[in-house]
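Chains as they are written, first to last, in this note's numbering: chain A, 76 to 612; chain B, 5 to 214.
FYI, nobody ran anything at the bench for these hints, they're computed from the structure. All C-beta atoms, glycine included, are put in the ideal place defined by N, C-alpha and C. Certain hints may be false.
[What the hints assert, rightly or not] Rough simulated footprint, nothing fancy, chain B against chain A, three-plus residues with beta-carbon under 8 angstroms:
#	stretch
1	133-140
2	155-165
3	232-238
4	264-274
5	329-339
6	399-410
7	458-465
[Stated by the list, open to error] Straight-line C-alpha distance at most 30 angstroms; calculated BS3-like pairs for lysine-lysine:
#	chain 1	residue 1	chain 2	residue 2
8	B	Lys128	A	Lys127
9	A	Lys134	B	Lys190
10	B	Lys185	A	Lys463
11	A	Lys246	B	Lys108
12	B	Lys200	A	Lys442
13	B	Lys123	A	Lys134
14	B	Lys123	A	Lys533
15	A	Lys447	B	Lys108
16	B	Lys185	A	Lys533
17	B	Lys185	A	Lys447
18	B	Lys190	A	Lys463
19	A	Lys247	B	Lys190
20	A	Lys134	B	Lys185
21	B	Lys128	A	Lys447
22	B	Lys45	A	Lys134
23	A	Lys447	B	Lys123
24	A	Lys463	B	Lys200
25	A	Lys134	B	Lys108
26	B	Lys200	A	Lys247
27	A	Lys417	A	Lys533
28	B	Lys190	A	Lys246
29	A	Lys612	A	Lys345
30	B	Lys185	A	Lys302
31	A	Lys246	B	Lys45
32	A	Lys247	B	Lys185
[Stated by the list, open to error] Some chain B residues close to chain A (C-beta under 7 angstroms, calculated; not the full set):
#	residue
33	Val59
34	Leu89
35	Leu173
36	Leu195
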Amino acid sequence: MSRAFIARRVVESDICIIGSGISAAMVAAQLAGERRASIIVIEAGDDQPQVKDWAANRKRWMDYGSTPWPNDHVEGLDANGIQSRSMCVGGMAMHWGGVTPRFAPEDFKTKSLCGVGYDWPLSYEELEPHYYEAEALMGVSGEQGPREMDPRANPFPMPPLPLTYNLGILKKWVNDAGVSMWSQPSAKTSQPYHGRGACCRNDTCFPICPVSAKYSPDQTWNPLRAKKQVVMHTRTVVRRLIVDERSNRIVAAVAVERDRPGQEIEFRAKTFVVAAGYAWSAHLLLNSRSARFPNGVANRAGLVGKYLTGHRNVQAFIDLPLTLYPGINEQHSLVTKQFMRKPLGEKYLRHDLRVWESAVGREPRLKDESGKPLLGDALLADWRSRLKTSTARVRSYYDIIPARDSELTLDAAKKTPWGDPAPHLAFKDDSVSRDLRGYSEDSIRGLFGRLAQAGNGKIIRTSVDNFQDHPAGGCRMGADASTGVVDSHGRAFDHENLFVVGAPTAVSGSCANGTLTFCALALRSAEEIGKAFPAAK
Amino acid sequence: MNLTRRVFVRWSALTSAALAVARRSVGAQAKPAAQQPGALKWLDVPSLLPIASVVLPAELGAGRVERAAIEFSRWIANYREGEELLHPYGSEQISTTGPSPATKWAEQVRALHESAVAKDPQRKPFANQTLRDRTAIVADALASVQFAARVPSPIAAPHVALALLAHFLDSPDATNLAYNKEINAKQCRPLADSSKEPVTLRKALNGGRA
Ligand SMILES: Cc1cc2nc3c(=O)[nH]c(=O)nc-3n(C[C@H](O)[C@H](O)[C@H](O)COP(=O)(O)OP(=O)(O)OC[C@H]3O[C@@H](n4cnc5c(N)ncnc54)[C@H](O)[C@@H]3O)c2cc1C
Ligand code: SF4
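Turn these sequences into a full structure, and let the hints steer you where they fit.
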C-alpha cells in the first residue's frame with residue numbers, strides 16, 4: 076500500500092500548543108484556569124524523572140557529571156548554533172538557573188530614547204501586569220530595587236532570598252564603590268509557597284534543585300495533566316502547519332510520533348500556539364512550506380527566522396582583601412540596574428552588573444611554583460596561603476542590537492530524522508553594535524577595574540563569551556506585518572488563529588536574563604488567545 | 005547562568021578526548037564499573053587507606069582520612085561507563101562517561117604494594133610500612149606520571165593516588181578543612197543560617213569526635 080493511502084490519525088481540540096517549555100506552561104496554566112476550552116500540548120521530547128528521583132540524580136551529577144535529566148534531548152534534532160540540546164517535557168527550564176530579572180522600561184523603546192535599535196510594539200507598562208503574573212505563577216523571591224531603576228506596581232510574591240554572609244560583605248564593597256546593588260530576584264522560594272518548601276541553599280539550582288524550591292515547568296504540567304486540564308502528547312514532533320485552502324487560517328499541525336515514525340498524526344484545532352522556543356518555532360514556520368506559501372507560514376514579509384537576538388557578557392574575577400567563604404551559595408548574586416539606562420551624551424551602552432562569591436584563584440593545587448609536587452600537609456599549607464584574600468566574580472551582560480540577518484535558516488545539508496532540513500542559526504550584531512563592541516567591552520572592563528581599585532583589589536582575569544546568551548527572536552513582534560511576524564500579542568499577521576509565544580517574539584535581548592520576560596509575553600498572549608473561548612465558571 | 009560555566013569547566017575536563025569520553029552512540033547503555041572482573045580487588049578500603057594517609061593532610065584526622073578512602077572506593081564501585089553526561093551550555097554535543105579507570109587504578113595500587121615489598125628487606129607489605137616509606141614509594145610512582153598543578157577531575161587523574169586526592173579535594177570536607185570553617189558547600193541549610201559567618205570547624209576532626 077502506498078503511503079498516500081495510510082489514513083492519518085486525527086486528534087481534535089480547541090487549542091493546540093506546540094512545545095511544553097516554560098512559555099507553553101504559562102499559556103496552558105492561564106488558559107486552563109480561565110477558559111472553557113480543550114487543550115492539547117504536543118512535545119517532541121520525553122517526560123523527565125519525577126521529584127522522588129531528583130536527590131539521587133543530583134548526587135550522580137555531583138559525583139560523576141552525569142546528567143540529572145537523562146533523555147532530555149531528541150536524537151537527530153540538533154542544529155548548528157543552538158544553545159542547549161534540551162527538548163523534553165518542561166524544555167530548557169528543567170535545568171535553568173531560575174534567575175528572573177525584568178527587562179528595563181528603556182528596553183522597549185531604544186529607538187525613540189537612544190536612536191538605535193528598534194522599539195517594541197508594546198511598552199514596559201503594558202507588560203508590567205504580566206510580569207507580575209509570571210512572577211506569581213513561578214514563585215519569585217525578590218528585593219525591590221530603587222524605584223527609578225526598578226519600577227514595579229506590586230511587591231514581589233515572596234520576600235527576597237536573604238544575602239549570604241559572603242554577599243553581605245560584597246554588597247558593602249560595591250556600595251562603597253558607588254554602585255547600588257540588591258538581592259537578585261529568582262524563581263526560588265524564600266518561604267513555603269504553593270506546596271513548595273523554602274530554598275535550603277544547597278546550591279545546585281542549575282542543573283537541578285532537589286527540593287523543588289526552584290520553579291521548573293513540571294510544577295505546572297503535573298497538576299494540569301493529573302486533572303486532565305490538558306492532554307499532553309509526548310515524543311511527538313510537529314513537522315508542519317497546514318493552512319486552510321480558502322482562508323489563511325491554520326487548520327492542522329501535522330506531527331510524527333517518534334515511536335511510530337511511519338504514521339503521521341493530524342492535530343486539528345481552533346487556535347494554534349507555537350511555543351517551541353527560539354530555534355524550533357521559526358524552524359516550524361519555515362518548514363511549513365506549500366505551493367501557496369513557498370516561504371513557509373507567517374512569512375509574507377520574509378521575517379521568519381530573522382533578528383535572532385541575545386546578549387554577550389564580559390566577566391572578571393577580582394582579588395579583594397576580604398574574608399569570604401566560597402561555597403555558601405555560589406549561584407545567588409547581587410544585581411543592579413544602574414547601568415541599564417544610557418547616560419545622556421554618551422555612546423550607546425546598556426548593561427547589567429552582577430556580583431557573586433567565587434573560589435577562582437583559591438583552589439588547591441598539586442604543584443608549587445617550582446613544579447614540586449604537593450601532597451598532604453604541604454598541599455594544605457599551600458592552599459591556605461592563598462586564602463588570605465578572596466575572590467569576587469563580576470559579570471555584565473550588554474545589550475546587542477540584532478542585525479536583520481542574525482538568522483535561522485533551513486540547512487539543506489543537514490536533515491532531521493524525518494527528512495526535514497535542520498535549522499541553522501547564525502547570530503549577528505547590527506552594524507551599530509558591531510562598531511560599538513570594542514567600546515562596550517572596554518567600558519565594562521573599566522568599570523570592573525574601578526570596582527577593584529575601590530576595594531584595594533586587583534583583577535585576576537577577564538573574559539568575554541562569544542555566544543549570545545538567553546537567545547530569542549526569529550519571529551519577532553512588530554507594529555505591522557512589515558516589521559514583525561506577529562503583533563504585540565503574538566498573533567501572526569498572516570494567520571488570525573496562529574500565535575507564537577515567548578522567546579521567539581522578543582524584539583531585543585536586553586542585558587538581563589530573558590526568561591521572565593518571555594513568560595510575561597506568553598501570558599499576555601494567553602490573555603488574547605483566551606478571548607476566543609468562553610470564561611471558565 | 006551563574007554556575008553553569010564553572011560546572012561546565014569542571015566537567016568539560018571530564019569530556020575531553022584525553023578522558024576517552026565517548027560521543028553518545030544511540031542506544032548506549034550505562035554499565036557499572038564493578039562488572040569488570042577483578043578490577044575492584046585492589047580498590048577496596050584496606051588497599052586504599054595506606055595511600056590516603058600519604059596524600060591527604062594529616063590534620064584531617066584518621067577518621068576523616070578513612071572516610072575519604074571509603075568514599076573514593078565507593079565512587080569507583082559506582083562508576084558507570086556510557087552514562088550520559090550533563091550536556092554543556094552552548095554546545096550541541098551529547099557525551100557519555102568513558103571506560104572505567106578501575107582496571108588501570110587497581111594495577112597502580114598493586115604496583116605500589118609490589119614495589120614496597122620489593123624494596124623492604126623484611127618484605128613488609130605497603131600497608132605495614134611507615135608513613136615516610138610509603139610517602140617515598142608514592143612519590144616515586146608519581147614521578148613517572150605527568151600531571152599539572154591544576155587539580156584534575158578524579159577520572160582524569162593519571163594515577164590512583166592523585167585520583168584519590170582529587171576526589172577528596174572536591175568534597176565539602178576539604179574546603180571546610182582549608183578554611184577551618186563549616187562552610188558545608190552543596191549541603192542543605194536553613195536559609196537564614198546562610199547569612200551568618202560559618203562556624204569554626206570543631207578541632208577534633210579526628211574520627212569526627214568532638
Ligand atoms: C543551563 C541553562 C540555564 C539557564 N538559566 C537561566 C536563568 O537563570 N534565567 C533565565 O532567564 N534563563 C535561563 N536559561 C534560559 C531558559 O531556560 C530559556 O530561556 C527558557 O527555558 C526557554 O523556554 P521556552 O519555552 O521558550 O523554550 P524551550 O524550553 O526550548 O521549550 C520548547 C519546547 O518545545 C519543544 N518543541 C520544539 N519544537 C517542537 C516541535 N516541532 N514539535 C513538538 N515539540 C517541539 C521542545 O522539545 C521544547 O521542550 C537557561 C538555559 C539553560 C540551558
Ligand atoms: S539553592 Fe538549593 S534549594 Fe535553593 S533553589 Fe537552589 S538548588 Fe534549590
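Hints, verified against the model:
no.	hint	in the structure
1	133-140	holds (count 6)
2	155-165	holds (count 6)
3	232-238	holds (count 3)
4	264-274	holds (count 3)
5	329-339	violated (count 0)
6	399-410	holds (count 9)
7	458-465	holds (count 3)
8	B/Lys128 with A/Lys127	50 angstroms, violated
9	A/Lys134 with B/Lys190	10 angstroms, holds
10	B/Lys185 with A/Lys463	14 angstroms, holds
11	A/Lys246 with B/Lys108	49 angstroms, violated
12	B/Lys200 with A/Lys442	34 angstroms, violated
13	B/Lys123 with A/Lys134	41 angstroms, violated
14	B/Lys123 with A/Lys533	50 angstroms, violated
15	A/Lys447 with B/Lys108	25 angstroms, holds
16	B/Lys185 with A/Lys533	26 angstroms, holds
17	B/Lys185 with A/Lys447	28 angstroms, holds
18	B/Lys190 with A/Lys463	23 angstroms, holds
19	A/Lys247 with B/Lys190	25 angstroms, holds
20	A/Lys134 with B/Lys185	23 angstroms, holds
21	B/Lys128 with A/Lys447	29 angstroms, holds
22	B/Lys45 with A/Lys134	25 angstroms, holds
23	A/Lys447 with B/Lys123	24 angstroms, holds
24	A/Lys463 with B/Lys200	20 angstroms, holds
25	A/Lys134 with B/Lys108	25 angstroms, holds
26	B/Lys200 with A/Lys247	15 angstroms, holds
27	A/Lys417 with A/Lys533	27 angstroms, holds
28	B/Lys190 with A/Lys246	22 angstroms, holds
29	A/Lys612 with A/Lys345	21 angstroms, holds
30	B/Lys185 with A/Lys302	48 angstroms, violated
31	A/Lys246 with B/Lys45	52 angstroms, violated
32	A/Lys247 with B/Lys185	22 angstroms, holds
33	Val59	5 angstroms, holds
34	Leu89	5 angstroms, holds
35	Leu173	5 angstroms, holds
36	Leu195	6 angstroms, holds
The structure does not agree with the numbered hints 5, 8, 11, 12, 13, 14, 30 and 31 stated previously, though it agrees with the rest.
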